[in-house]
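A.B. asks: Since the structure of chain A is provided, determine the placement of chain B on it from the hints.
Those sequence lines, one after another, are chains A and B. Positions 1 to 248 (our numbering) are the ones given, in order, by the first sequence. Positions 1 to 248 (our numbering) are the ones given, in order, by the second sequence.
Keep in mind the hints are simulated off the structure, nothing from the lab. Any given hint could be a false lead.
Chain copies aren't distinguished; within one or between two, either way the pair holds.
[Unchecked claim] Straight-line alpha carbon distances no greater than 30 Å define the calculated BS3-like cross-link-like pairs of lysine-lysine that follow:
no.: 1; residue 1: LYS151; residue 2: LYS213
no.: 2; residue 1: LYS54; residue 2: LYS148
no.: 3; residue 1: LYS148; residue 2: LYS49
no.: 4; residue 1: LYS79; residue 2: LYS171
no.: 5; residue 1: LYS213; residue 2: LYS103
no.: 6; residue 1: LYS79; residue 2: LYS213
no.: 7; residue 1: LYS54; residue 2: LYS103
no.: 8; residue 1: LYS243; residue 2: LYS63
no.: 9; residue 1: LYS8; residue 2: LYS19
no.: 10; residue 1: LYS8; residue 2: LYS243
no.: 11; residue 1: LYS148; residue 2: LYS19
no.: 12; residue 1: LYS151; residue 2: LYS65
no.: 13; residue 1: LYS77; residue 2: LYS63
no.: 14; residue 1: LYS172; residue 2: LYS54
no.: 15; residue 1: LYS171; residue 2: LYS77
no.: 16; residue 1: LYS65; residue 2: LYS243
no.: 17; residue 1: LYS48; residue 2: LYS19
no.: 18; residue 1: LYS103; residue 2: LYS243
no.: 19; residue 1: LYS178; residue 2: LYS151
no.: 20; residue 1: LYS172; residue 2: LYS243
no.: 21; residue 1: LYS171; residue 2: LYS19
no.: 22; residue 1: LYS171; residue 2: LYS243
no.: 23; residue 1: LYS63; residue 2: LYS151
no.: 24; residue 1: LYS178; residue 2: LYS148
no.: 25; residue 1: LYS179; residue 2: LYS243
no.: 26; residue 1: LYS19; residue 2: LYS54
no.: 27; residue 1: LYS48; residue 2: LYS179
no.: 28; residue 1: LYS25; residue 2: LYS179
Protein chains: 2
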Amino acid sequence: MECAFLSKRCFVVGMGPGKESQMTKEAVSVIEQVDYVVGYPVYVELLKKAFPEKEYGSTPMRKEKERCQLALSEAAKGKDVAVICSGDAGIYGMAGLVLELQKDYPEVEVEIVPGITAAVSGAAVLGAPLMHDFAVISMSDLLTPWEKIEKRLRFASEADFVICLYNPCSKKRADYLKKACDIMLESKTDDTVCGYVRQIGREGQEAEILTLKELREARVDMFTTVFIGNSQTEIRNGKMVTKRGYRL
Amino acid sequence: MECAFLSKRCFVVGMGPGKESQMTKEAVSVIEQVDYVVGYPVYVELLKKAFPEKEYGSTPMRKEKERCQLALSEAAKGKDVAVICSGDAGIYGMAGLVLELQKDYPEVEVEIVPGITAAVSGAAVLGAPLMHDFAVISMSDLLTPWEKIEKRLRFASEADFVICLYNPCSKKRADYLKKACDIMLESKTDDTVCGYVRQIGREGQEAEILTLKELREARVDMFTTVFIGNSQTEIRNGKMVTKRGYRL
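So here's chain A without its partners, still in its complex pose:
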């Protein structure tokens, strides 16, 4: 294969929310040019349809370390490799792990290719909730103690940040969103404007705008991104909009 890149390169690529049109041109061009693509099985299957001529590898959830090692070891053999991540490569993606593991493969060059993360793509669906200072918090306590998550929720609410929650729920954590809402309700009002988007940019995308009190009772799943407004967030023409302070 003729290739514009040097070999032994490992790209960590943010694929955006789902639609090919929401990938950057750079991400598309990297995928086109690499020899080997590694990712979470669902995303690998999607890519195989578009690029059947590539070599592919995948590892399941909780085997992220092995996924990054597979990518780096294939790159060390002289291939150009892409590790694909949904959303952005560097926001709860594989960029950090690849850079941490790179020490064992010193001959491999790593490059991070950014993508549209769910905070950004979900915000565009709901309106403009992130027009002012915001905090992004993952509710997954697989790798983070719950006390740390609680403290971040509490302090971000108290300082009137707009808050965006990733991984708001899973089977084992069915009541976590309710617990998070209770913490945020210590300093945010019941009627704080909130929203969530499920399956952003994919078939079956759903969006809902509701109050913080209603969010406490909402059923969301792991494919949902949740937005909690600040004291200046309003509903305008059915959209969630955080005012920045312009005089209108």
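C.D. replies: Chain B in isolation, oriented as in the chain A frame:
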């Protein structure tokens, strides 16, 4: 002009950090298809070279309301219009203002087209600083009281967020970054790993990794995005990496 979109549509488009390759395919396709493009003068001049056949409008800094009104009024006349924003449309961009002003132009449909914001593109240059929960704070006090900015800096530091600062400096606010560092140093250590990127994705891009104590003395300008690590952020092979907690 033959156009796939309905008329009277106003798109608010995130153009990404600067390189055309970091625009999404959707953003490129919207620019190709609209009749009229409105933006800040510098970005309009850049686009004119690539798309000389469009009609263009612009308003200077601090005339953002007029810029959005111009876009909506041109759309109301039956044109397809794009309001262009650097980075993302919804993060300190024009999405909120267009949605707020839409009430005066009820016949215009507004659509937000997301883009790569500086937190995401700057992080990719530095390594992977945003691998864990983070807060984005603008240091501009044009529209936000300084006390509110201070409180957000203090609470985000105290809760061990990675912090990304937009607009860290201007002529009138020469000492603001120093003031911000002093607040963050109340709860973050002197040797917290920090980084900044100037002119992300543009000619003359510069990146620097340094400690929080050193950042306090750094000279940055308004084209710089600043990253302050959390307690788990390290330097790996010259890159800024926030560990997520995987066992390696």
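A.B. asks: Hint by hint, note whether the structure agrees.
C.D. replies: Evaluated hints:
1. LYS151 - LYS213: For LYS151 and LYS213, both the intra-copy (20 Å) and inter-copy (25 Å) Cα distances are at most 30 Å.
2. LYS54 - LYS148: Neither way: LYS54 and LYS148 sit 41 Å apart in one copy and 51 Å across, limit 30 Å.
3. LYS148 - LYS49: Neither: 41 Å inside a chain and 50 Å across chains, both beyond 30 Å.
4. LYS79 - LYS171: Neither way: LYS79 and LYS171 sit 39 Å apart in one copy and 48 Å across, limit 30 Å.
5. LYS213 - LYS103: between (48 Å within a copy, 27 Å between copies)
6. LYS79 - LYS213: neither (52 Å within a copy, 41 Å between copies)
7. LYS54 - LYS103: within (27 Å within a copy, 50 Å between copies)
8. LYS243 - LYS63: Cα proximity of LYS243 and LYS63: across copies only (16 Å, versus 42 Å in one copy).
9. LYS8 - LYS19: Classified as both: same-chain Cα gap 29 Å, cross-chain 25 Å, threshold 30 Å.
10. LYS8 - LYS243: between (47 Å within a copy, 24 Å between copies)
11. LYS148 - LYS19: Neither: 34 Å inside a chain and 37 Å across chains, both beyond 30 Å.
12. LYS151 - LYS65: within (28 Å within a copy, 37 Å between copies)
13. LYS77 - LYS63: within (22 Å within a copy, 55 Å between copies)
14. LYS172 - LYS54: Intra 36 Å, inter 54 Å, cutoff 30 Å: neither.
15. LYS171 - LYS77: Close neither inside one copy (40 Å) nor across copies (51 Å); limit 30 Å.
16. LYS65 - LYS243: Classified as between; 13 Å across copies, 41 Å inside a copy.
17. LYS48 - LYS19: Cα proximity of LYS48 and LYS19: in one copy and across copies (15 Å, 28 Å).
18. LYS103 - LYS243: between (45 Å within a copy, 15 Å between copies)
19. LYS178 - LYS151: Both: 15 Å inside a chain and 26 Å across chains, each within 30 Å.
20. LYS172 - LYS243: between (36 Å within a copy, 24 Å between copies)
21. LYS171 - LYS19: within (27 Å within a copy, 42 Å between copies)
22. LYS171 - LYS243: Result: close only across copies, 26 Å inter versus 36 Å intra.
23. LYS63 - LYS151: Within one copy, since 28 Å is at most 30 Å while 39 Å is not.
24. LYS178 - LYS148: Classified as both: same-chain Cα gap 17 Å, cross-chain 28 Å, threshold 30 Å.
25. LYS179 - LYS243: Both, since 27 Å and 26 Å are each at most 30 Å.
26. LYS19 - LYS54: Intra 20 Å, inter 27 Å, cutoff 30 Å: intra and inter.
27. LYS48 - LYS179: Classified as neither; 40 Å inside a copy, 51 Å across copies.
28. LYS25 - LYS179: Close neither inside one copy (40 Å) nor across copies (39 Å); limit 30 Å.
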